[in-house]
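Two chains, each in its own frame: build the complex with the hints.
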Amino acid sequence: MSRIVDRRLNGKNKSAVNRQKFIRRFRNQIKKAVADAIAERSVTDLDKSEKVSIPTKDTSEPFFHHGEGGQRERIHPGNKEFQQGDRFPRPKGGAKGRGKQASDSGEGLDDFIFELTREEFLEFFFEDLELPNLVKTKLATINETKKVRAGHTSEGVPSNINIIRSLRGAMGRRIALRAPYNNRLKQAEAELETLLKQHDKSHAVVKVLEEEIEQLKKKIKRIPFIDTFDLRYDNRIDQPKPTTQAVMFCIMDVSGSMGYQEKDMAKRFFMLLYLFLTRTYEKIQVVFISHHTVASEVDEQTFFYSRETGGTVVSSALELTSKIIQERFPTSEWNIYAAQASDGDNWDNDSVACRKIMTERIMPYVQYYAYIEITEDRHQNLWQEYLSLKSDWGNFAMQRIEQIVDIYPVFRKLFQKQSE
Amino acid sequence: MSRKPISETSEWTFELIEKYHQEIQRIARDFGLDTYPVQLEIITAEQMMDAYASVGMPIGYTHWSFGKEFVKNEGQYKRGQMGLAYEIVINSDPCIAYLMEENSMTMQALVIAHAAYGHNSFFKNNYLFKTWTSADAIIDYLLFAKNYIAKCEERYGEEQVEAILDSCHALKNFGVDRYKRPAQLSMAEERERQQEREEYLQSQVNQLWRTVPAKEQQTDDLIKETCFPEEPEENILYFIEKNAPLLEPWQREIVRIVRKIAQYFYPQRQTQVMNEGWATFWHYTILNQLYDEGLVTDGFIIEFLQSHTNVVYQPAFDSPYYSGINPYALGFAMMTDIRRICENPTDEDKHWFPDIAGSDWLKTMHFAMQNFKDESFISQYLSPKVIRDFKLFSVLDDDREKDIEVTSIHNEINYQYIRQSLSEQYNLGSIEPNIQVFNVNRSGDRSLILRHTQFNRMPLDKSAAEVMKHVRRLWGFDVYLETVSENGSVVQVFECGSSGLFTF
Numbered sequence: 003m004s005r006i007v008d009r010r011l012n013g014k015n016k017s018a019v020n021r022q023k024f025i026r027r028f029r030n031q032i033k034k035a036v037a038d039a040i041a042e043r044s045v046t047d048l049d050k051s052e053k054v055s056i057p058t059k060d061t062s063e064p065f066f067h068h069g070e071g072g073q074r075e076r077i078h079p080g081n082k083e084f085q086q087g088d089r090f091p092r093p094k095g096g097a098k099g100r101g102k103q104a105s106d107s108g109e110g111l112d113d114f115i116f117e118l119t120r121e122e123f124l125e126f127f128f129e130d131l132e133l134p135n136l137v138k139t140k141l142a143t144i145n146e147t148k149k150v151r152a153g154h155t156s157e158g159v160p161s162n163i164n165i166i167r168s169l170r171g172a173m174g175r176r177i178a179l180r181a182p183y184n185n186r187l188k189q190a191e192a193e194l195e196t197l198l199k200q201h202d203k204s205h206a207v208v209k210v211l212e213e214e215i216e217q218l219k220k221k222i223k224r225i226p227f228i229d230t231f232d233l234r235y236d237n238r239i240d241q242p243k244p245t246t247q248a249v250m251f252c253i254m255d256v257s258g259s260m261g262y263q264e265k266d267m268a269k270r271f272f273m274l275l276y277l278f279l280t281r282t283y284e285k286i287q288v289v290f291i292s293h294h295t296v297a298s299e300v301d302e303q304t305f306f307y308s309r310e311t312g313g314t315v316v317s318s319a320l321e322l323t324s325k326i327i328q329e330r331f332p333t334s335e336w337n338i339y340a341a342q343a344s345d346g347d348n349w350d351n352d353s354v355a356c357r358k359i360m361t362e363r364i365m366p367y368v369q370y371y372a373y374i375e376i377t378e379d380r381h382q383n384l385w386q387e388y389l390s391l392k393s394d395w396g397n398f399a400m401q402r403i404e405q406i407v408d409i410y411p412v413f414r415k416l417f418q419k420q421s422e
Numbered sequence: 023m024s025r026k027p028i029s030e031t032s033e034w035t036f037e038l039i040e041k042y043h044q045e046i047q048r049i050a051r052d053f054g055l056d057t058y059p060v061q062l063e064i065i066t067a068e069q070m071m072d073a074y075a076s077v078g079m080p081i082g083y084t085h086w087s088f089g090k091e092f093v094k095n096e097g098q099y100k101r102g103q104m105g106l107a108y109e110i111v112i113n114s115d116p117c118i119a120y121l122m123e124e125n126s127m128t129m130q131a132l133v134i135a136h137a138a139y140g141h142n143s144f145f146k147n148n149y150l151f152k153t154w155t156s157a158d159a160i161i162d163y164l165l166f167a168k169n170y171i172a173k174c175e176e177r178y179g180e181e182q183v184e185a186i187l188d189s190c191h192a193l194k195n196f197g198v199d200r201y202k203r204p205a206q207l208s209m210a211e212e213r214e215r216q217q218e219r220e221e222y223l224q225s226q227v228n229q230l231w232r233t234v235p236a237k238e239q240q241t242d243d244l245i246k247e248t249c250f251p252e253e254p255e256e257n258i259l260y261f262i263e264k265n266a267p268l269l270e271p272w273q274r275e276i277v278r279i280v281r282k283i284a285q286y287f288y289p290q291r292q293t294q295v296m297n298e299g300w301a302t303f304w305h306y307t308i309l310n311q312l313y314d315e316g317l318v319t320d321g322f323i324i325e326f327l328q329s330h331t332n333v334v335y336q337p338a339f340d341s342p343y344y345s346g347i348n349p350y351a352l353g354f355a356m357m358t359d360i361r362r363i364c365e366n367p368t369d370e371d372k373h374w375f376p377d378i379a380g381s382d383w384l385k386t387m388h389f390a391m392q393n394f395k396d397e398s399f400i401s402q403y404l405s406p407k408v409i410r411d412f413k414l415f416s417v418l419d420d421d422r423e424k425d426i427e428v429t430s431i432h433n434e435i436n437y438q439y440i441r442q443s444l445s446e447q448y449n450l451g452s453i454e455p456n457i458q459v460f461n462v463n464r465s466g467d468r469s470l471i472l473r474h475t476q477f478n479r480m481p482l483d484k485s486a487a488e489v490m491k492h493v494r495r496l497w498g499f500d501v502y503l504e505t506v507s508e509n510g511s512v513v514q515v516f517e518c519g520s521s522g523l524f525t526f
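Heads up: the protein sequence lines correspond to chains A and B, in order. The working numbering numbers the first residue of the first sequence as 3 and each following residue consecutively. The working numbering numbers the first residue of the second sequence as 23 and each following residue consecutively.
So that you can see chain B by itself, here it is in the shape it has in the complex (with noise of 0.2 Å):
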């Protein structure tokens, strides 16, 4: 099947886009990808420098740290340190994908099969995706969280707002819920129930810390019998929302938001290598399609390899370049793998993966990026033979022991250690300190203790006692948070009090 390239040259217009993109939609319609409409924008490198600065937010708030971020890059990328990334996506319905008006013909392609094809569909389609986020509404509300804090920052000062954002900011990762479903978003209702649910929230908290003396023997007792939270509360910042003593509403509000959006990004953290994995193998199998069908050229097809191996390069552990496992390199040799698996297997295939060596590959494949996290993921399919070619190997690092330890190698005995090693590397929830709120001391100072569980004893950063400062701006009263041992013993306590900061 010989037909005449799209185009020939580098250049694109917005003619050439069009057709590329019918052809790329085609072919990824055959394979089965289910998508939310595509939106292309095309871009300047400044815009894209801006769409960087807000961490792929189309719409956000202002703060301090996105222009910190934005000076940072425009640094680099005018010295020469930093090709600006050639894609950026947006989780949204439509979805938005951003298109560099200084790239080739080529690149252009290969942004829209990977992004607005492979990205799109992993969005609409995985699991964490489906139950965390709101693709239809997340817009919406970015914008009206970016209307709220310009009005508030109006109205209350913008130092004040700022200081809130910073705090929220120190605990971000500890502002979403990890097995809950949330609410849906919409900004319709936002707008109507923030009123509500401002004089609500407030009626609550006074509730929570009425002195007035009624009943007064009676609500003491109980007090000091149960613990406040009952259970522990994982999120810190949805607790502090609730109850923290001394916020304003617009400040309750505030934290409400950045919990919100921590919340919409959560699933990507969970999932680069599984995202980025699926988008490269999609963008890789559909331009080879285009290819193969004659309709673009080989320069095109080169130019396009040779980013593509960029793209994937794994530098070894020893090299300048080494800093971790590439969530493309692992996400592509994993996905092509299980084509493989599917397609060829062999023995060691048949004995790892009986359910799925032989079967159809779209559909095995469909179903691992619809139903795993990176953790899960890798636990469930990382091959010996992707073991082998990555030449992984693990080390222990105790900091009881004199030296560091390899504790296994790419061979036959050791496939299922290294699997489970490397998926633990990918549970968020082993990489983050476990820190929950613990208790909060009502009837007496109205100090909250937070509990750092450890894991694998290991501590927490020093810099833990400046993020203690911004609990303290945010819960009004002392905070306290304890390091406790596997074995329960308190181990470390920060305190954050009205007179400063103290470690013991």
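So that you can see chain A by itself, here it is in the shape it has in the complex (with noise of 0.2 Å):
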């Protein structure tokens, strides 16, 4: 009469699609979510999911159902000091008990508020940048592994073949083979002993045992020094590559002329490049050094948020980024990233004194070093003195940016020496 079916293997996101579907719906509600919310967000702490909310009004799905107004009786529990013909002022926001009907015509003002997954918003981000669907994959998954030992195994390839363990294991065959020829032996020998005592030599008794002994020498000798049976090789298992660390140094200059918008594009160039590096390194540090006519290193807030006036002098934040990489980051340890923002104004002498900096002290030490030029105008001298830079060095990458779609080409000479 009766089942009980267990259906918790079942698949759980029979909702997945439906998700989907809401998702694309909202698209452009959810794009501008994520674009707040990644404003709001550190440079470090992109890789979560996100609450994203949308104006129910939005969301609601119209009906034909009454509204407020003409005559209607409604009765409710829980009467207390009231009696009949008893009367009062209409309750602000609708009488009493229409509370609930009145949000489900969607008129409420609370957002409609739900999760994005960490999939779901990175998706949104990168869309943005317009990254290629190739470099989505591998910003989104962890693919390196690495062979590490996990045991023996009785197949394998030559090179692996493990000697000891193999011949250890020949010897033990060896062992367990001769043992009945052994016994049979050394009591074939000894009974030889005895009849030598009572007989000759030339005796037929005695030749049929030497025989034997004979047989059972050469069957002892036959048995295999070592048998394909015996082999064992060293077994090597793919486990995600252990991964180490880096350092990411994050240059901006924050003299008057970088404006909000600036900034904005800058630090989601600094996200991209973080979000790129998690990929691949366990552990991260960043260095927020942020510039005008001197440098200091900074936390993110103020590297962000803070506004200084005057003019630029680039080379101190060089000779900060390097005077901090040996100091705290030898090369042998870490791998070290580098990326510098900035308008691109800088003192008229001091950008050959950057250049000089960046040959001899900074380009040998690091992974990569990406500069981005945030401006309209047109190339300013740090540009000229960079462009050599970038002929000699197939670590450098220089990109101008004008909207957010171009921070993705620098970041394409990245991911090609990636691939390779």
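Some hints here could point you the wrong way.
Stated by the list, open to error - In the DMTMM-like style, the derived pairs of lysine to aspartate or glutamate whose C-alpha atoms are separated by at most 25 Å in a straight line are:
#  : chain 1 : residue 1 : chain 2 : residue 2
1  : A       : Lys33     : B       : Asp115
2  : B       : Lys152    : B       : Glu123
3  : B       : Lys491    : B       : Glu446
4  : B       : Lys484    : A       : Glu117
5  : B       : Lys168    : A       : Glu63
6  : B       : Lys100    : A       : Asp113
7  : B       : Lys173    : B       : Asp188
8  : B       : Lys491    : A       : Glu42
9  : A       : Lys59     : B       : Glu180
10 : B       : Lys194    : B       : Asp158
11 : B       : Lys413    : A       : Asp113
12 : A       : Lys23     : B       : Glu270
13 : A       : Lys82     : B       : Glu124
14 : B       : Lys491    : A       : Glu70
15 : B       : Lys94     : A       : Asp113
16 : B       : Lys385    : B       : Glu365
17 : B       : Lys407    : B       : Glu454
18 : A       : Lys53     : B       : Glu91
19 : A       : Lys34     : A       : Glu117
20 : B       : Lys94     : A       : Glu75
21 : B       : Lys100    : A       : Glu122
22 : B       : Lys194    : B       : Glu423
23 : A       : Lys53     : A       : Glu70
24 : B       : Lys407    : A       : Glu42
25 : A       : Lys23     : B       : Glu91
26 : B       : Lys413    : A       : Glu83
27 : B       : Lys424    : A       : Glu70
Since the hints were made in silico from the structure, they are not lab data. In this text, all values refer to a predicted model and were calculated from it rather than measured experimentally.
This is the structure we're talking about:
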């Protein structure tokens, strides 16, 4: 009459399709929410899910129902002191008991709030940057592995043969296979000895026994020293690559000429670089260096939101970077990445100094150095100096950015290098 | 009669569920509960949310609105703002009841008694469910619907299908027959006839909109004189499915699917108080019987009573938790009171319920369960005692008056009045606006006129304008919605034409 069915192993994501449809439908609102979230998030905090809120009226599904007004009578429970005929001013926000109806009509002010998963969030983040799909997958998955030892197997390639294990196995096999013959041999030899006391060496019985002993010795000899059966191979399996540590330098010009817009673009650029690094390295430190005429190491908040005025001496930041690298991040332990954002403005004589510091004290030590110039004006003198760096160093990339979509090309080079 | 309890701890196992189920089934049979075979399905919390999102349909077609429902529940659940309801039960044969794996043994037993026996027997025996739903065919039909819509998405694009579904959903409360008995559903026949129906329907529509000038004079005159439809049609989706001039055959089929499913859920919307009251009454009665027989421990019954008390809690009107009358509370109180009236009638009961006072309570309750819906159930069985216990009072809100007025309270002279108003409060006919297809301008611009007949001067919510866009999408030509007051004059018109939306 009855059945009990265990459905727990059935897919739990029956709603996944519906969820996707929902997200597709409210693309624009979600995109805006993601953009807002990026502005609020810290550079190192990108890789998380995000709460998104959409105005309720956008998501409501309309249907015919009564609005306020007319004449209606409602029954309520819990009367305390009311008497028939009591009159009261109409409560604000609809009559009693209609609170629920009002919100059903979708005109409540509360936003519809839900959570985007990390993957969905990144999807929207990437979309803005117009990353090609290949790069998206690279960023979204961790697929680097390393071979690690995992015991021994009886099958494998010759180069992995474990000699000690194989020989130990062979020896065991030889002992085991020899055992019955050895026993018989000892016995036969003992018999021979007693026979020899009674008979002549040429006696037929002695001959027979000697022949048997000969046979046994041959048999024992024929047991192979090593057999394919004995071979043992070192086993190696794929394990996610144990990642090393990296440090990322964010260098930004905070002089008066960098406005909110420029900083936002720089922030997205830094975020993308950080995200890329998290795919490759387990531990990442971020160093924020801001500069105008002098450079200083600051925390993220100050980095993005403080506003300084005055001139610009880029070399000050490079000096500081070089100093920090030498003091705290030996290249034997750290992979060093640096990203510099600026509007390109610099003191005239300083740009030459910049190139010198870069060539001598920074480029040899870093994995990658990216420079973005955020400006709509013509190129400034720093750009010209950096151009020559670009031809000398393969790990140097530079790009002028006017819009957010321009950020990606800077990365193209980096990813190309990765896929080689 | 003292026996060894079935289990001592709150952990459940498949064997224990089976044992509890057998005992619950035995007791339910003793009380004469007639049910479909039971299928208990163990699911995870995530799966429960899936089930939520598809409004309890075990198989549903895909649509963004279900996704919205899902992310909403998921968020609330994760933030801990919402516990998951402990029961979802499908009106199908066999009757499927979900048990969530996180629940304790007590809760599982509660759900089995509540859903698999309470709701199940209600589904099988209540006249509305018997008339309007086919428990043996619904799963097949949902499967057909899911596959059909998936096929349409493939062939005509997801956006096209989504647009039609959006529009149908907006009208789904107006896609039910309230009085006519619908044809039985069966997937095999559905599929067989579907092709045939597509062609036939299209030919009918073509007939209706024929512009070939054969016997022109005559037909023209005829059309001018008669309204079409001849009688106003309450089932708007049905009318659209059969008569909308521009819909493709597959679009008609989708309209049909939405209204068929709406029809399937229609009885549930009309029997909330009764259905929940009945199920709650039985979980309470059955589990107490288990306790009396010594089959469950004190701990079990205390855990049970705690959740039971939460379920039937009715906050007063001035409580921050108040959101209308709790159907579990009212239903349970009324069911329990019917039993009391049968077993221990007072003089008052004998006066109010001469037919049932002192009668066999099981027979009386089964009769009540089988033959009523919320509206009539309340008007028949709401007793003065329940009115007093709930301290019910009525408030009249008339927008012509400055104040609202308490029109009755729980005293002798008002019992009848309160009973009548509460019954009216559950009358879907007056809760939902009365909107019907009134006329189609067949010889002219093919516009569709819907008529909203006002009740107690209640206006339509202004979101009606949005709904009209959907009506227009389905109809394909201009649509009008006239609101007619009780004295017959048109007081408001929504118009949705190709050039936009007007209200005047």
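Cross-check of the supplied hints:
1. Under the criterion of a C-alpha separation no larger than 25 Å, the hint pairing Lys33(A) with Asp115(B) is inconsistent with the structure, at around 45 Å.
2. For a cut-off of 25 Å, the pair hint linking Lys152(B) to Glu123(B) is broken: about 32 Å separates their Cα positions.
3. With a CA separation close to 31 Å, the supplied pair Lys491(B) and Glu446(B) exceeds the 25 Å bound.
4. For the proposed pair Lys484(B) and Glu117(A), the alpha carbon gap of about 31 Å is over 25 Å, so the pair is violated.
5. Under the criterion of a C-alpha separation no larger than 25 Å, the hint pairing Lys168(B) with Glu63(A) is consistent with the structure, at around 21 Å.
6. Under the criterion of a C-alpha separation no larger than 25 Å, the hint pairing Lys100(B) with Asp113(A) is consistent with the structure, at around 18 Å.
7. At most 25 Å may separate the alpha-carbon atoms for a hinted pair to count; Lys173(B) and Asp188(B) meet this at roughly 17 Å.
8. Distance check on the hinted pair: Lys491(B) and Glu42(A) sit about 38 Å apart at the alpha-carbon level, beyond 25 Å; violated.
9. At roughly 23 Å between alpha-carbon atoms, Lys59(A) and Glu180(B) fall within 25 Å of each other, so this suggested pair holds.
10. Distance hint between Lys194(B) and Asp158(B) is fulfilled; the C-alpha atoms sit about 23 Å from each other, no more than 25 Å.
11. Only pairs whose Cα atoms come within 25 Å are accepted, and Lys413(B) paired with Asp113(A) is rejected, the gap being roughly 36 Å.
12. Proposed proximity of Lys23(A) and Glu270(B) is supported: the alpha carbons are some 23 Å apart, at most 25 Å.
13. Taking the CA atoms of Lys82(A) and Glu124(B), the gap is near 40 Å; set against the 25 Å cutoff, the hint is violated.
14. Simply put, Lys491(B) and Glu70(A) have alpha-carbon atoms about 22 Å apart, close enough for the 25 Å limit, and the pair holds.
15. Between Lys94(B) and Asp113(A) the CA atoms are separated by roughly 11 Å; this keeps the pair inside 25 Å, and the hint holds.
16. Taken as a hint, the Lys385(B) and Glu365(B) pair is honoured in the structure, with Cα atoms around 12 Å apart against an allowance of 25 Å.
17. Between Lys407(B) and Glu454(B), the direct Cα distance comes to roughly 30 Å. Violation of the 25 Å bound is thereby established for this hinted pair.
18. In summary, the hint linking Lys53(A) to Glu91(B) is supported, as the alpha carbons are separated by about 16 Å, within the 25 Å threshold.
19. Distance restraint check for Lys34(A) and Glu117(A): the Cα-Cα separation of roughly 14 Å lies within the 25 Å cut-off, and the hinted pair is therefore satisfied.
20. At most 25 Å may separate the alpha-carbon atoms for a hinted pair to count; Lys94(B) and Glu75(A) exceed this at roughly 32 Å.
21. The suggested pairing of Lys100(B) with Glu122(A) holds, with an alpha-carbon distance near 18 Å, which does not exceed 25 Å.
22. Between Lys194(B) and Glu423(B) the alpha-carbon distance is near 34 Å, which puts this suggested pair outside the 25 Å criterion.
23. The suggested pairing of Lys53(A) with Glu70(A) is violated, with an alpha-carbon distance near 33 Å, which exceeds 25 Å.
24. This hinted pair does not check out: Lys407(B) and Glu42(A) have alpha carbons roughly 59 Å apart, beyond 25 Å.
25. Proximity of Lys23(A) to Glu91(B) is assessed by CA-CA distance (about 12 Å); at most 25 Å being required, the pair is judged to hold.
26. Between the alpha carbons of Lys413(B) and Glu83(A) the distance comes to roughly 10 Å, so the proposed pair stays at or under 25 Å and holds.
27. Between Lys424(B) and Glu70(A) the alpha-carbon distance is near 14 Å, which keeps this suggested pair within the 25 Å criterion.
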